[in-house]
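Peer 1: Using the sequences provided together with the hints, build the complete structure.
Chains as they are written, first to last, in numbering that gives the first Met the number 0: chain A, 0 to 240; chain B, 0 to 275; chain C, 0 to 235.
Think of the hints as simulated: they come from the structure by calculation, not from any bench.
No false leads were slipped in.
Distance ranges between label pairs, derived from CB positions:
1. B:ALA189 x C:TRP92: 43 to 49 Å
2. C:ALA67 x B:PRO252: 55 to 61 Å
3. B:GLU264 x C:GLY12: 16 to 22 Å
4. C:LEU64 x B:GLU264: 51 to 57 Å
5. B:GLN169 x C:ALA67: 35 to 41 Å
Just so you have them, the derived chain C footprint on chain B, three or more residues with Cβ under 8 Å:
6. 36 to 46
7. 59 to 65
8. 74 to 87
9. 204 to 210
Positions of the beta carbon are idealized from the N, C-alpha and C atoms, including for glycine.
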Amino acid sequence: MKADLSILPLRLEAVSYASDGTALLQDVAFTLEAGPRTLVLGPNGAGKSLLLRLCHGLITPTSGSVTWLGPALQRAGTHQAMVFQRPVMLRRSAHGNLVHALRLAGLDASAARLRADAALDRFGLGGLAKRPARVLSGGEQQRLALARAWAVRPQMLFLDEPTASLDPAATHAVEAIVAAFHAEGVKIMMSTHDLAQARRLADEILFLYAGRLIERAPADEFFNQPRTREAQAFLRGELLW
Amino acid sequence: MGNCYGETVIRFILCLLALSLSAAASAAPAITVASTTSTEQSGLFGYLLPLFKARTGIEAHVVAVGTGQALKIGENGDCDVVFVHDRESELKFVESGFGIERREVMYNDFVLIGPKSDPAHIAGESSVSAALAGIAAAGAPFVSRGDDSGTDKAEKRLWRAAGIEGKMTQSSWYREIGQGMGPALNTAAAMGAYLLADRGTWISFKNRRDLDILVEGDKRLFNQYGVMLVNPARHPQVKAAEGRQFIRWLTAPEGQKAIAAYKIEGQQLFFPNYRP
Amino acid sequence: MLEMYHAFAAAWGLLIGFDPVLLGIVGLSLEVTLSAVALAALIGLPLGAIIAISRFPGRSALVLLLNAAMGLPPVVVGLAVYLLLSHAGPLGWLGLLFTPRAMIVAQTILVLPIIASLSRQAVEELWEEYSELLRSLGSSRWRAVPTLLFEGRHSLLTAGLAGFGRAIAEVGAILIVGGNIAGYTRTMTTAISLETSRGDLALALGLGIILLGLALAVNAAAFLIGSAGRKSATPG
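Peer 2: Below you can see the structure in the form of structure tokens.
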């Protein structure tokens with residue numbers, strides 16, 4: 000399932016997105032390479048979720064382009080997975096949800112079942128396989144969503160504030176899983192408004208404010224020597240939205 | 000997972016469909032007979048048709064509607080045989096080329112029904128024209144089928160013969176309900192009104208309340224039934240062979256005897272009168 | 000009051016006697032209505048789902064029409080089908096008039112808008128909920144249709160029951176296109192209609208009680224299936 004060829008790098012050029020005449024993202028441009036964990040940081044309403052969805056291909060930009068430059072000449076949506084802020088599960092068992100995702104990814108029925116079993120075990124959800132996914136706790140569902148993402152062997156994983164509605168224990172578990180993904184070679188692009196989380200996880204920061212990309216820097220540089228006014232204000236806890 | 004579930008459901012539904020549609024198709028040879036509500040509701044067909052099937056193996060499907068509608072069904076070629084009781088319309092049907100091989104099969108009679116209280120004082124009257132005139136004069140409520148059936152046409156003819164034609168449709172005591180014999184009797188029973196009914200339906204009618212036969216026996220109340228084959232030249236899909244078997248059986252000694260043998264409450268309803 | 004007593008007595012008598020004519024009538028009612036619901040579901044479920052996920056000019060008008068068609072008067076549908084299936088009409092060569100199949104056709108037309116409309120509504124809501132996830136997993140809109148239909152299976156079951164209820168209760172359409180032929184196209188509702196017009200009100204009421212019992216049984220069964228499923232959807 001995993002392609003030998005990479006889909007990365009990902010290049011955004013002059014990407015803007017407007018809805019009902021309101022500009023929500025303006026003139027965003029950057030290139031993402033395979034490797035570093037990229038965290039998208041910014042206050043609420045900065046456009047983080049929007050940016051992730053544009054990169055993943057769920058939304059098309061009003062102007063500008065989102066291009067995958069890697070040697071694997073595949074359709075934009077493939078070899079990627081996304082985990083949402085609130086886990087979205089089908090009305091079937093935990094195992095069934097994974098099988099469904101794997102069938103969509105192209106596996107036949109028996110291969111899908113085996114891979115689903117493996118994914119559930121890998122993330123400690125084996126005992127919950129037959130339970131209806133929607134009756135699991137928030138933390139369990141988010142782990143299930145990560146298991147689902149892992150099962151399809153993506154090259155890139157998008158996470159949109161995945162721990163925003165979780166308690167500290169569940170948050171810790173999710174962060175550990177993200178680190179594990181990264182260790183296996185998956186490119187991570189994750190949004191958060193939680194500074195502490197960003198400090199823990201980021202290799203590089205994309206700082207967004209009011210729909211614009213204000214600053215981009217390796218994590219050390221950003222936290223210790225922010226270049227822009229907005230970044231400095233945010234790190235002081237002053238920039239709320 | 001959603002995919003194979005969907006396929007299974009679809010296959011199940013298709014099986015159900017195939018099963019039901021094949022079951023819905025009749026295995027025995029069958030003909031469709033357009034006839035009248037009075038014949039059907041008297042129970043005559045319930046008695047005759049099994050005998051016919053036993054003799055010929057043919058199942059006769061009877062669609063029971065008013066005479067006018069039965070003839071229309073024959074005209075459209077939606078049935079194989081027409082079996083009604085309005086000589087005038089039947090002859091016109093044959094003349095226009097819609098039906099062939101008409102035979103007169105049996106007769107029954109109409110009776111004038113009314114409330115026992117008899118506001119028009121016509122009970123026992125021997126002349127139906129006089130009785131109708133009495134009802135009109137008294138302005139007593141009268142229920143008419145008004146549905147273009149054989150009974151309805153006969154009723155209109157009797158008003159004409161009594162010289163009261165036309166006036167009554169504008170009068171409030173004359174109530175046209177546009178329905179069959181059963182509903183007409185129900186309405187008359189509820190209203191305490193007079194009406195013209197065929198004896199067969201009357202005998203098997205259970206909701207009589209205060210109604211009873213007030214006038215009977217007048218020759219004008221004679222009700223002749225005729226059967227015709229829908230013209231296969233006009234409508235090639237007509238099952239002419241089986242239709243002819245039905246007509247022949249009805250008018251053969253066996254069928255005629257069966258018609259005479261049919262009784263309700265010990266009374267014979269229909270009198271076979273086929274003459275070759 | 001006496002009439003009601005006679006009605007219950009008549010119903011009871013028919014039931015315990017396993018009267019073959021009654022069994023035939025009940026069997027035909029179920030056959031015609033279940034076939035119609037199955038056919039309407041086969042067409043209507045995907046139709047509603049496709050409308051739900053699509054955007055095209057005139058979509059609102061189509062949705063409006065579909066909703067309005069839920070209230071089609073059965074007798075009008077019966078008349079229209081009659082005119083189509085008569086040998087004087089365009090589809091006469093099918094030879095379907097005055098047969099159970101004609102009744103199935105008429106009832107399918109009555110039930111189809113209900114199932115399609117409710118399917119559209121259910122799938123539209125589900126698509127709002129699942130659109131991002133399904134597209135993220137690589138599903139096209141079309142591929143999502145069976146998934147969404149499966150997701151909405153409980154609402155869709157209710158839609159099917161609504162269709163069943165409409166069909167099993169109607170008399171206008173099947174009376175016209177079936178002809179109420181004894182032993183062939185006579186169903187519970189047309190038999191009730193006949194017995195009422197014959198003045199045998201006790202028998203008519205008795206049949207009515209049996210019909211109500213049948214409808215109740217079907218709904219009870221569906222409720223049990225539904226509640227088993229509801230448990231799997233609510234969070235613990």
